[in-house]
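Novice: Sequence:
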Amino acid sequence: MRPLIFFLFLFVSLPLFAQKQAFKPFEVDKPAEPQGGTQYLDAFVQANLRKPISARSQNINGRVIIGAVIQADGSPTDVKVIKSLRPDCDREAIRVFSLYKNWSPARKADKQVSQEVTFPILFKPNQPFLYVNGATVSYYDKDFRELPDSTEQARYKQVSPMDSAGLPTADVVVFERKGKSWQEYNRLQLVQKDVKPLNRADKRRYMLGYQSTPGRWEGIVFEIDEAGIIRSQQSYEKGRPVGTSFTFDSSGVLQQKREEYDTQIVTTSWYPNGQLRQVLVSPLPKAKDGHAPGKIMGLWSNTGEHLVQEGNGLAVLSEPQRSEKDTAQQTLFVEKGQIVDGLKQGVWTGRYKDGSFFYEETYDKGICQGGKSIVAGSDTLRYTTLEKQPQFPGGMQALGQFLAQNLRYPAEAQKARAQGRVLVSFVVNTDGTLSDVHVLQGLGFGADEEALRVVNKSPRWEPGFQRGRRVRVRYALPINFTLH
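According to mature numbering (1 follows the signal peptide of the UniProt record, and there is no 0), the residues represented by the sequence shown are -18 to -1, 1 to 466, in order.
Keep in mind the hints are simulated off the structure, nothing from the lab.
Careful: at least some of the hints might be erroneous.
Unchecked claim - Subject to a maximum C-alpha distance of 20 Å in a straight line, what follows is the list of computed EDC-like cross-link-like pairs (lysine to aspartate or glutamate):
hint : residue 1 : residue 2
1    : K354      : E292
2    : K90       : D207
3    : K178      : E158
4    : K93       : D125
5    : K335      : D346
6    : K185      : D231
7    : K277      : D244
8    : K239      : D24
9    : K160      : D125
10   : K6        : D70
The structure presented is a predicted model; accordingly, all values stated were derived computationally and were not measured.
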């Protein structure tokens, strides 16, 4: 039996000896590094890092040193902690580093090889707060000004239950001091509401956050998919979105950050591999001069090449689109042209990689002066307006009159004194009919059903146009229910 045992041992062990060992940085001719430079990995980490709630409450700050192997194909493997800060921060550092995929592999003797790397993940200082028994606790004086602790000046106490990731787990309760005890004064109800997926391939989602009254969101509201991944995060005040919002992909990578300021909106986006993609600066709708276009102030390729710097450069934009040859298939839509002072200038072209669509347009300071487009198997279309949004026949004023004449306040909502907004989504088809009508954000108490009834009753809309042809457009219509 010994020869057989020895043979089996050799057979099992051979793959172990066949494995290639990763090189040290000083052993290669060109070390592995993030495409475009370390600064892009730094920016990605800080944009995606979520300090655990317990660490935030104690103002834990410092570095976790991560070690990994960047394989010859550029993929990161064997991600581990070299120097620990504390277990929850270590886990978060591993999570974020593992999400970044935009590596240029090491080279040795003119070949791509595997190499060990280390990288520091910085957890920055923050204002500490009280976190006890799975809830943050805040104290306020008689004028609702926040206090550092539960001194005798404290008149109110707010208890906000949340898990280690900062997601809410129960109602927010405000207590008022009555002698030596605390009695409930007010509460914000924790609401979980299903959201219809944007497309059939997308996972089911739900919104999670607080409402002061039915349908009126307050504070940070999360959108979470069935896998438990946060897909969006938005702050609300009195039911309206405010401040900064975040959008994430199905693996948890930040796709877009939208920051709203007094006069403008700054939208920063990333590629799925973690590479910074674009910085777009747009005027606020109320501050717009006509239809002022947004300015592309920065643009990068998915390999880190800086195409547009400080609003100037030759831009190459690409994104997947449904093919015009076979709508069941996707193809890559590539657009090219000059950016001057953040705006499209001169001749721009765009084409589907499978050849099913092409356009050529002329721009002056971001405004389309005219163009032509060709869809496979169709005649050339010429146009002077790039796109036109669908609208109710007669415009917004006519839509307001239609809603006023047809909308009825549900008796159940009146009895509950429920007020707020129902956001209805639908598709305006190329013939003006509406389809896929559903509630994006509801109010309850019969208001959702009433909003759907009225929208389904509306006449045909004027369809949307893009590059000279009618297109299907998804539209979101807010319908307000207000008691007088």
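Novice: Are the Cα atoms of K239 and D24 separated by 20 Å or less?
Specialist: The given pair, whose Cα atoms are some 16 Å apart, holds under the 20 Å limit.
Novice: Sort out whether D125 lies within 20 Å of K93, counting only the CA atoms.
Specialist: Violated - the C-alpha atoms of D125 and K93 are around 68 Å apart, more than 20 Å.
Novice: Need the status of pair K90, D207: alpha-carbon distance at most 20 Å?
Specialist: 43 Å, violated
Novice: Taking only the CA atoms, is the gap from K160 to D125 under or equal to 20 Å?
Specialist: Holds, at roughly 16 Å.
Novice: Straight-line Cα separation of K6 and D70 no greater than 20 Å?
Specialist: 29 Å, violated
Novice: Would the pair K277 and D244 pass a check requiring their Cα atoms to be no farther apart than 20 Å?
Specialist: With Cα atoms ~17 Å apart, K277 and D244 stay inside 20 Å; holds.
Novice: Can you confirm whether the C-alpha distance between K185 and D231 stays at or below 20 Å?
Specialist: The given pair, whose Cα atoms are some 11 Å apart, holds under the 20 Å limit.
Novice: Do the alpha carbons of K178 and E158 lie within 20 Å of each other, as the hint requires?
Specialist: 39 Å, violated
Novice: Has the given pair, K335 with D346, been kept, meaning a C-alpha gap of at most 20 Å?
Specialist: 27 Å, violated
Novice: Can you confirm whether the C-alpha distance between K354 and E292 stays at or below 20 Å?
Specialist: 30 Å, violated
Going through the hint list in order, the structure does not satisfy hints 1, 2, 3, 4, 5 and 10.
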